[in-house]
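Just need the whole structure built from these sequences, with the hints factored in.
Residue strings, one per chain:
There are 2 protein chains.
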Amino acid sequence: MKTVNVGILGFGTVGAGAVKLLLDNAEDIKQRVGAELRIKGIADLDTVTDRKIGYDVSGLLTGDALSLINDPDIHIIVETIGGVKPAESFVRAALGAGKSVVTANKMLIAKEGAGLMALAREKGADLLFEASVGGGIPSIDPIKNNLAANRINKIIGIVNGTTNYLLSEMKKGKNYSAALKEAQSLGYAEQDPTSDVEGFDSMYKLAILSRLCFNTEVCADDIYREGITSITDYDIKYANEMGYQIRLLAMAERTGGQIYAAVHPALVPDEHPIAGVDGVMNAVFLSSDGAGDTMYYGAGAGSLPAGSAIAGDVAEAARNILRGCRGAGAVACYNDIPVAPAESLVRRNYIRIIVRDEAGCIAAISGAFARYAVSLESIIQKNTKDGLAEVVWLTHAAEEERMRKALSEIEKIPLVDSIPSRIRVI
Amino acid sequence: MKTVNVGILGFGTVGAGAVKLLLDNAEDIKQRVGAELRIKGIADLDTVTDRKIGYDVSGLLTGDALSLINDPDIHIIVETIGGVKPAESFVRAALGAGKSVVTANKMLIAKEGAGLMALAREKGADLLFEASVGGGIPSIDPIKNNLAANRINKIIGIVNGTTNYLLSEMKKGKNYSAALKEAQSLGYAEQDPTSDVEGFDSMYKLAILSRLCFNTEVCADDIYREGITSITDYDIKYANEMGYQIRLLAMAERTGGQIYAAVHPALVPDEHPIAGVDGVMNAVFLSSDGAGDTMYYGAGAGSLPAGSAIAGDVAEAARNILRGCRGAGAVACYNDIPVAPAESLVRRNYIRIIVRDEAGCIAAISGAFARYAVSLESIIQKNTKDGLAEVVWLTHAAEEERMRKALSEIEKIPLVDSIPSRIRVI
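For the record, the sequence lines run as chains A and B.
Here the numbering used here is used: position 51 in the first sequence is 51, and no number is missing along the way.
Here the numbering used here is used: position 341 in the second sequence is 341, and no number is missing along the way.
Keep in mind that a hint or two might mislead.
No distinction is drawn between identical chains; accordingly, a pair holds when it is met within one copy or between any pair of copies.
As the list claims (entries may be wrong) - Below, in silico cross-link-like pairs of lysine to any residue (SDA-like), each with a Cα-Cα straight-line distance of 20 Å or less:
| id | residue 1 | residue 2 |
| --- | --- | --- |
| 1 | Lys-52 | Asp-289 |
| 2 | Lys-123 | Gly-34 |
| 3 | Lys-2 | Arg-38 |
| 4 | Lys-2 | Cys-325 |
| 5 | Lys-144 | Cys-325 |
| 6 | Lys-171 | His-272 |
| 7 | Lys-123 | Gly-324 |
| 8 | Lys-144 | Leu-23 |
| 9 | Lys-111 | Asp-386 |
| 10 | Lys-181 | Asp-278 |
| 11 | Lys-154 | His-264 |
| 12 | Lys-171 | Glu-271 |
| 13 | Lys-172 | Ile-337 |
| 14 | Lys-385 | Thr-194 |
| 15 | Lys-30 | Lys-40 |
| 16 | Lys-123 | Ala-368 |
| 17 | Lys-52 | Ser-287 |
| 18 | Lys-181 | Gly-124 |
| 19 | Lys-385 | Asp-28 |
| 20 | Lys-30 | Thr-216 |
| 21 | Lys-385 | Gln-258 |
| 22 | Lys-237 | Ile-354 |
| 23 | Lys-30 | Arg-121 |
| 24 | Lys-385 | Tyr-234 |
| 25 | Lys-237 | Ser-168 |
| 26 | Lys-154 | Asp-222 |
| 27 | Lys-144 | Gly-34 |
Don't read these hints as lab results, they were simulated from the structure.
Here you go:
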């Protein structure tokens, strides 16, 4: 029986999960892969703290990542450090040395993926990143392999567990800050939650999914991004009453020679398979010409789920080493499809407007919508208090630019007090 | 640019879907695979009927399957004939000639998979069968690859589109025969629906999934099987009222050194992700120690979805040919785990009993359950008519053998008129 040696960079939550699974299921993995996968070293700045994975790996710990990268006995490098620096230089060094690399790093792949894949191809090495999107959910491999004969037209992802947990808790009546505080105390949200709640995390993941689905380079910065911080528990309540769930979606669509890519909260009809994805669970929903609608569902984060995706990639990299066919799984970006400007996004909209409870108000607002050719689906008055009325408007699909102009005009109507919420609808 | 030649056996619904996708997306596939996939011949007994796939392939049609299998220019044989004979002999001949084989044939893989995989391994050829379970849903590859570092403990599948469609229609108030008639006229059910409605189709698929998840041979005939023909629209209505959906499930679990595998209708709680799988859609839900709960959802049948799975496998087989690493993806059955006898299945139960509306009846039935240590969760009286009352019982989990004995005793109670339904609950 052969041995494939693995070096792990980063021994945080994700790295520890990967190490634990590789050790827990070593015997099964050996049988499935046809070789023993041996962890030869684990590099982390903290070589002291016990990660409580049920194994004493203290003898494997080193503070020197390069000692693993430069070890000629190590065949596969796993990168779970996160962020671009210093992860990028380590990944480049490992690929440069001809080693296969498995990474969970969405920011790195979203930002530097094209260059890293080119380097992997040049060196005949594998660069695998299933763990970078959707945690333990197989989503990248199915796109690359099982859907290889499909033209994928649309991606709808719930790819951030923190925000989905927050929205699920707010559904129970908590307001945003209470939900966030609780999530932080449970470890579901970072002390600085910006990357999650402002949609950056989802944006990186959508860039990766879009590249895979549409075979074109998609720059994360070209993706329209809006977080969940302005969503209130009222909006969730009203949406639920109308038969919708509010989710932070990462959506991309290929149509008319452009890619429409955006991260924003949205009302999702209860009948849509993605509406039932609750709490910290994630899902990637794809529409394609062959398979039709498919969805991949599971835990989007967490030590063992992310560890599972990494360890699965390590098994694949090891198989490719044993079979002598590394470096062939790279994503082919043979298209050059531009990302459409955010102003051209076409969506239905949910808009909550506080107005003075006086005659002529609805007419004035409807008139403003009409001037920008935004047609209306329903108008529901929710509450009246202290001379103010809360009115929820659902519009038909309209271009972002027209919608913005209409809203800016509505804000100026004297009878309009404020527009606290505007959420897109799918 | 290289060319990989493909021969298609069987030009029915599934074969036509595969051909259409390979032609529709030929340019994308070429870029993704790194070679042109050329259909060199299509064998079918019917070489005349126009399959209306949008291409004139009449020049490729032949009545002679062996002419494709024996063509030294053909690298990959696709088998979409179905059934064991003559499909098995064609697949054996193709593998024997060292060709990679892609098949959609669940019966063949369930019954003869072990031998065929051994032959593929011996010949260094690929035998791929993603289309045999779940139509267009990637489920087999994720198990083999992405979950390779997991110990999978449980499978819950809705893997038959026909029965799921029937149950969804019955939810709207149709009875079983009306729903079946309609499904037959729409082409969702065969004129002889036995294989679907009696659970044989699900049984074969569960045998395949169990082998993959537990790395052990599972004989389809060892799987307990019960169809949906005795489900009534009343049961569906009552189940819905209690917060459940009725689905035909293919379930397998590894516990205590045995595999518990069964196909039967079941009440699924509304909160379970699989409860929302409606109509002809299918899903495979897995619980494992690393990724946790994951679910794979999509169209379980149909020309293009099944064609998508086949064409995806053809792309994989072609990549392996180009990379010179065929024959390494076989399923390792290194375990030898016995399938537990049906009598030992442990399930909760929904039981609908018609009783005479007289004192002492509930006591007599409860007493019978108690004698076999079947404890009760709820008892709800639904309807009383003509001196008869309909009572729905939910039991806690109990062994099949005890449940059967209790029910057989209850049937003999003079106040009991009949037991029209007994459905398991998950």
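Numbers of the earlier hints that this structure fails to satisfy, in rising order: Going through the list in order, the structure violates hints 9, 13, 14, 16, 17, 18, 19, 21 and respects the others.
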